[in-house]
Structures are given as structure tokens and as C-alpha cells.
Amino acid sequence: LAAAGFQLKMADTPAKLDRIKRIPQKKVVRTMVKDREVYLWADAAGCQCYYSGTRRNYEQLRYNQREEKADRRINLYNAQHDDPLWFEPGWDD
Numbered sequence: 003l004a005a006a007g008f009q010l011k012m013a014d015t016p017a018k019l020d021r022i023k024r025i026p027q028k029k030v031v032r033t034m035v036k037d038r039e040v041y042l043w044a045d046a047a048g049c050q051c052y053y054s055g056t057r058r059n060y061e062q063l064r065y066n067q068r069e070e071k072a073d074r075r076i077n078l079y080n081a082q083h084d085d086p087l088w089f090e091p092g093w094d095d
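For my numbering, count along the sequence shown from 1 and bump the result up by 2.
Among the hints, a few may not be true.
Keeping only pairs whose Cα atoms sit at most 20 Å apart, straight-line, the calculated SDA-like set for lysine to any residue is [claimed, not checked]:
(1) K28 - R75
(2) K29 - R68
(3) K28 - A46
(4) K11 - A46
(5) K18 - S54
(6) K11 - I25
(7) K23 - M34
Keep in mind the hints are simulated off the structure, nothing from the lab.
Taking the hints into account, I'd like the entire structure generated from these sequences.
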């Protein structure tokens, strides 16, 4: 979230903690605040914090997630081909 530009905010009062408890936990949700689109991610039980961002931050988050998924796929492919137990001679003859 931070890498996508979301801002970390602490629920440092009981009132703020009560507010973030009403947000679906550990997932990004879209809401409107004073006619402004805002994306929130909350963790009331863990860090007692939330992240707040714009549509641009959300789009960057989605892009980062796709890139991470592609990188994991490439790393798995490379690991399989570098593993002598995975590769069997004769398959590429």
C-alpha cells in the first residue's frame, strides 16, 4: 500500500478506532468523503491503523500486484529450470 502512495494513519483515539472497525478489514474499499473518492484499507485488530489513498494510488496498487504476480511466475519458472531434480535429460533433445 505504501509503495502505491497510500498514506498510513493511526487510529490513535477510541473514536478513530471505532470508525475503522466499521470498515471492512484488510481489504481495499472505495468510499466517498466530502464528494471526494477515497480508497481505504483498515486493520483495527492488528496495527490499529488504516491506509488512505486516491484512485491513482489504487490503480498503482493494482499495477504493483500484477507485476508481483508476474515476477513470482517468472521466478518459479526459473527455479524449476535450475533445479536438477525438476529437469530430466532428453526432454529438450
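Okay, the hints, checked on the actual structure:
Taken as a hint, the K28 and R75 pair is broken in the structure, with Cα atoms around 25 Å apart against an allowance of 20 Å. Only pairs whose Cα atoms come within 20 Å are accepted, and K29 paired with R68 is accepted, the gap being roughly 16 Å. The suggested pairing of K28 with A46 holds, with an alpha-carbon distance near 9 Å, which does not exceed 20 Å. At most 20 Å may separate the alpha-carbon atoms for a hinted pair to count; K11 and A46 meet this at roughly 12 Å.
Distance restraint check for K18 and S54: the Cα-Cα separation of roughly 14 Å lies within the 20 Å cut-off, and the hinted pair is therefore satisfied. Between K11 and I25 the alpha-carbon distance is near 14 Å, which keeps this suggested pair within the 20 Å criterion. For the proposed pair K23 and M34, the alpha carbon gap of about 17 Å is at most 20 Å, so the pair holds.
Hint compliance for this structure: hint 1 is the single one not met.
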